[in-house]
Amino acid sequence: MFGYVIPQKSELKVREYEVFRAYYCGLCKEIGKKSQVARMALTFDMTFLGILLSSIYLENELCVKKFCAFKMKKVMVITDNAYMEYAGDMNTILSNRKLLDDYNDDRNFFSLLLSKIINTKSLSILSMDKLIKIDYNLKELNNLEKLKCNSIDETGHCFASLTSEIFKINEDKQGRVLSLLGYNVGKWIYTIDAFDDLLEDINKQKYNPLIHTFNYSGGNAEDFKKAIRDNMEFTLVKCLDEVGKAFELLQIKKNKAIIENIIYMGMKQKTDIVLRGRCKNDQSIRDLRGKGRCY
Amino acid sequence: MTNPYETLGVREGATEEEIKASYKELVKKYHPDKYENNPLQDLADEKMREINEAYDYLVKNNQGGNNQDFYNNDQYNGNNNGYSNPVFQRIRNLINLNNLLAAEQELNSIHDKSAEWYFLRGVIFMRKGWYNEGYNDLKTAIAMEPSNNEYRSALNNATNSNNTYMNNAFSRGTRTNSDFCDTLSCLCCADQACDCMGLGCCC
Chain F
511 MFGYVIPQKS
521 ELKVREYEVF
531 RAYYCGLCKE
541 IGKKSQVARM
551 ALTFDMTFLG
561 ILLSSIYLEN
571 ELCVKKFCAF
581 KMKKVMVITD
591 NAYMEYAGDM
601 NTILSNRKLL
611 DDYNDDRNFF
621 SLLLSKIINT
631 KSLSILSMDK
641 LIKIDYNLKE
651 LNNLEKLKCN
661 SIDETGHCFA
671 SLTSEIFKIN
681 EDKQGRVLSL
691 LGYNVGKWIY
701 TIDAFDDLLE
711 DINKQKYNPL
721 IHTFNYSGGN
731 AEDFKKAIRD
741 NMEFTLVKCL
751 DEVGKAFELL
761 QIKKNKAIIE
771 NIIYMGMKQK
781 TDIVLRGRCK
791 NDQSIRDLRG
801 KGRCY
Chain A
22 MTNPYETLGV
32 REGATEEEIK
42 ASYKELVKKY
52 HPDKYENNPL
62 QDLADEKMRE
72 INEAYDYLVK
82 NNQGGNNQDF
92 YNNDQYNGNN
102 NGYSNPVFQR
112 IRNLINLNNL
122 LAAEQELNSI
132 HDKSAEWYFL
142 RGVIFMRKGW
152 YNEGYNDLKT
162 AIAMEPSNNE
172 YRSALNNATN
182 SNNTYMNNAF
192 SRGTRTNSDF
202 CDTLSCLCCA
212 DQACDCMGLG
222 CCC
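Residue numbers (this note's numbering), protein chains in the order written: chain F, 511 to 805; chain A, 22 to 224.
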């Protein structure tokens, strides 16, 4: 579910890449303030959230050099930033809920143990409020999955509503735009994840909304995946199109090029890769070092 | 009014050609047609008004330039020739007001699923962000009434918008030979894997 919202590194200017990395490292530091272990679950997706919100609402970026125990050297990190703290909280919440979900699915006790450590005990007030809404949507999603819902849109809607809440941190005009942007980002993530996992889910006989939406009735799974590809492309690109349109209506103070890279290039490239089946990238919690398999 | 140069994205003292070129680009970006089935349509309209104001101001100040409205703002009625029954008209009005819940409820109370019924449901789905259902319903409407231009236009607009996004995305990147790009992006994938949660431990 994580790791789809990324920049296209090769198309970032060196300066832009370093700024993005400062946000990434800044997010790591923020998470680390509340839990050292939770840093392992750091995602690019929440880095995107952090840099987007900061670039809309903050006048000045504060960047300092801090020592990173992981890289064993000093690195530039974004600091003193309430939006990064918020993104950090969201990262922790989503990681914790994913661990609990993994435990419920596979009875993996390691996931259960990790969920106790990467927990939601020290959140800000805004984050706690969001947690209630996130849990509500996750519960809806869970119910639909149990009922073997046959609509990728209906199941995706739950996840999209969740991300819509996460992105909308104010009730101002920008908040309205962020709400729609977040909705489409979430729709895109859920749909692309379902398509990416399709073959594995068919083989393991796990629920996947696409199986029921497009009436898979046994037979060659690869052929089925190919047959639904055009429909999937329409939905995925439409999500990105709407993300782009919403983005154009935001008043971004800085880092516009980095965010554009993610929306128009990184996510687009990810779409192409998943649709054409070249590389599989699954940054799940258990894949702590993020295995990228190319075939 | 905010700084008109800033709104149009041109430097102070830009020539009329530069202003016109920038204006054309912005109209393409915020054109009402692009935001036709979009909940943020009013914000796009606002942005368009800002841009037009800025353009009028700058062009008038440069010379007695002619003001051209590059667009016309049509309410969503499509090619409605007045034949559709009053319930469908009511639903169309609800869609225009972005009251999708009411529109959907009214639609569900109709049992005769005509082409127009599928079309309107398709439009509602697209606005809701349920793109797969929307796509299917629009295709169904077209299949039931292939000669209807309104239904075809709606699907074409959606597909064209997608293509605009893809072209936009494509034009930003370096358009090199795809083989090398494939290798590079594969390396990038692997690179991100061995980055061990960093974006480049080797640099």
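Source of the hints: derived by calculation from the structure; they are not laboratory data. Predicted model only: the values in this text are computed from it and were never measured. Just to be clear, a hint being listed does not mean it is correct.
What the hints assert, rightly or not - FRET-style restraints, in silico, Cβ to Cβ:
1. A/Lys81 / F/Ala592: 17 to 27 Å
2. A/Glu127 / F/Glu528: 31 to 41 Å
3. A/Asp77 / F/Lys631: 52 to 62 Å
4. F/Asp682 / A/Glu127: 50 to 60 Å
As the list claims (entries may be wrong) - With a straight-line cut-off of 27 Å between C-alpha atoms, the simulated BS3-like cross-links for lysine-lysine are:
5. F/Lys764 / A/Lys50
6. A/Lys134 / F/Lys763
7. F/Lys678 / A/Lys41
8. F/Lys575 / F/Lys735
9. A/Lys55 / F/Lys764
10. F/Lys658 / A/Lys149
11. A/Lys50 / F/Lys523
12. F/Lys736 / A/Lys160
13. F/Lys683 / A/Lys55
14. F/Lys649 / A/Lys160
15. A/Lys68 / F/Lys764
16. F/Lys766 / A/Lys45
17. F/Lys683 / A/Lys68
18. A/Lys55 / F/Lys656
19. A/Lys160 / F/Lys764
20. F/Lys766 / A/Lys68
21. F/Lys643 / A/Lys149
22. A/Lys49 / F/Lys735
23. F/Lys683 / A/Lys160
24. A/Lys160 / F/Lys766
25. F/Lys658 / A/Lys160
26. A/Lys160 / F/Lys583
27. A/Lys160 / F/Lys678
28. A/Lys160 / F/Lys763
29. A/Lys68 / F/Lys678
30. F/Lys763 / A/Lys68
31. F/Lys575 / A/Lys149
32. A/Lys149 / F/Lys735
33. F/Lys576 / A/Lys149
34. F/Lys678 / A/Lys55
35. F/Lys658 / A/Lys50
36. F/Lys766 / A/Lys41
37. A/Lys41 / F/Lys764
38. F/Lys583 / A/Lys68
39. A/Lys41 / F/Lys736
40. A/Lys49 / F/Lys543
Ideal Cβ placement from N, Cα and C applies to all residues, glycine included.
Hint check:
For lysine 81 of chain A and alanine 592 of chain F, the Cβ-Cβ distance of about 44 Å falls outside the hinted range of 17 to 27 Å, so the restraint is violated. As the Cβ distance of glutamate 127 of chain A to glutamate 528 of chain F is approximately 54 Å, the hint placing it in 31 to 41 Å is violated. For aspartate 77 of chain A paired with lysine 631 of chain F, a C-beta distance near 57 Å keeps the hint of 52 to 62 Å intact. Between aspartate 682 of chain F and glutamate 127 of chain A the beta carbon distance is about 32 Å. The supplied range of 50 to 60 Å is therefore violated.
Between lysine 764 of chain F and lysine 50 of chain A the alpha-carbon distance is near 20 Å, which keeps this suggested pair within the 27 Å criterion. This hinted pair does not check out: lysine 134 of chain A and lysine 763 of chain F have alpha carbons roughly 49 Å apart, beyond 27 Å. For the proposed pair lysine 678 of chain F and lysine 41 of chain A, the alpha carbon gap of about 35 Å is over 27 Å, so the pair is violated. Annotation: proposed proximity of lysine 575 of chain F to lysine 735 of chain F is violated, straight-line Cα distance about 47 Å (limit 27 Å).
Of the supplied pair hints, the one linking lysine 55 of chain A and lysine 764 of chain F holds, its CA atoms being roughly 25 Å apart against a limit of 27 Å. At roughly 22 Å between alpha-carbon atoms, lysine 658 of chain F and lysine 149 of chain A fall within 27 Å of each other, so this suggested pair holds. Only pairs whose Cα atoms come within 27 Å are accepted, and lysine 50 of chain A paired with lysine 523 of chain F is accepted, the gap being roughly 24 Å. As the CA atoms of lysine 736 of chain F and lysine 160 of chain A are separated by approximately 20 Å, the hinted pair is consistent with the 27 Å bound.
At roughly 20 Å between alpha-carbon atoms, lysine 683 of chain F and lysine 55 of chain A fall within 27 Å of each other, so this suggested pair holds. This hinted pair does not check out: lysine 649 of chain F and lysine 160 of chain A have alpha carbons roughly 33 Å apart, beyond 27 Å. Taking the CA atoms of lysine 68 of chain A and lysine 764 of chain F, the gap is near 19 Å; set against the 27 Å cutoff, the hint holds. For the hint linking lysine 766 of chain F to lysine 45 of chain A, the alpha-carbon distance of about 21 Å falls within 27 Å, and the restraint holds.
In summary, the hint linking lysine 683 of chain F to lysine 68 of chain A is supported, as the alpha carbons are separated by about 12 Å, within the 27 Å threshold. The hinted pair formed by lysine 55 of chain A and lysine 656 of chain F fails the criterion: a straight-line CA distance of about 38 Å is larger than 27 Å. Distance restraint check for lysine 160 of chain A and lysine 764 of chain F: the Cα-Cα separation of roughly 41 Å exceeds the 27 Å cut-off, and the hinted pair is therefore not satisfied. With a C-alpha separation of about 18 Å, the suggested pair lysine 766 of chain F and lysine 68 of chain A falls inside the 27 Å cut-off, and the hint holds.
The suggested pairing of lysine 643 of chain F with lysine 149 of chain A holds, with an alpha-carbon distance near 19 Å, which does not exceed 27 Å. The straight-line distance between the Cα atoms of lysine 49 of chain A and lysine 735 of chain F is roughly 36 Å, outside the 27 Å bound, and the hint therefore fails. A threshold of 27 Å between alpha carbons decides the hint, and for lysine 683 of chain F with lysine 160 of chain A the separation of about 35 Å lies outside it, so the pair is violated. A C-alpha spacing of about 37 Å is found between lysine 160 of chain A and lysine 766 of chain F, which places the hinted pair above 27 Å, so the restraint is violated.
For the given pair, lysine 658 of chain F sits about 25 Å from lysine 160 of chain A by alpha-carbon distance, which is consistent with the 27 Å threshold. Proximity of lysine 160 of chain A to lysine 583 of chain F is assessed by CA-CA distance (about 57 Å); at most 27 Å being required, the pair is judged violated. Of the pairs offered as hints, the one joining lysine 160 of chain A and lysine 678 of chain F is violated, with about 33 Å between alpha carbons and a cut-off of 27 Å exceeded. The suggested pairing of lysine 160 of chain A with lysine 763 of chain F is violated, with an alpha-carbon distance near 41 Å, which exceeds 27 Å.
In summary, the hint linking lysine 68 of chain A to lysine 678 of chain F is supported, as the alpha carbons are separated by about 21 Å, within the 27 Å threshold. A distance of roughly 17 Å separates the Cα atoms of lysine 763 of chain F and lysine 68 of chain A; the hinted pair therefore holds under the 27 Å criterion. Between lysine 575 of chain F and lysine 149 of chain A the CA atoms are separated by roughly 45 Å; this puts the pair beyond 27 Å, and the hint is violated. In summary, the hint linking lysine 149 of chain A to lysine 735 of chain F is supported, as the alpha carbons are separated by about 26 Å, within the 27 Å threshold.
Our distance criterion of 27 Å between C-alpha atoms is broken by lysine 576 of chain F and lysine 149 of chain A, whose separation comes to about 45 Å. The hinted pair formed by lysine 678 of chain F and lysine 55 of chain A meets the criterion: a straight-line CA distance of about 23 Å does not exceed 27 Å. Between lysine 658 of chain F and lysine 50 of chain A the alpha-carbon distance is near 40 Å, which puts this suggested pair outside the 27 Å criterion. Between lysine 766 of chain F and lysine 41 of chain A the CA atoms are separated by roughly 23 Å; this keeps the pair inside 27 Å, and the hint holds.
At most 27 Å may separate the alpha-carbon atoms for a hinted pair to count; lysine 41 of chain A and lysine 764 of chain F meet this at roughly 25 Å. At most 27 Å may separate the alpha-carbon atoms for a hinted pair to count; lysine 583 of chain F and lysine 68 of chain A exceed this at roughly 46 Å. This hinted pair does not check out: lysine 41 of chain A and lysine 736 of chain F have alpha carbons roughly 45 Å apart, beyond 27 Å. With a C-alpha separation of about 45 Å, the suggested pair lysine 49 of chain A and lysine 543 of chain F falls outside the 27 Å cut-off, and the hint is violated.
Checked against the numbered hints given earlier, the structure breaks hints 1, 2, 4, 6, 7, 8, 14, 18, 19, 22, 23, 24, 26, 27, 28, 31, 33, 35, 38, 39, 40 and satisfies all the rest.
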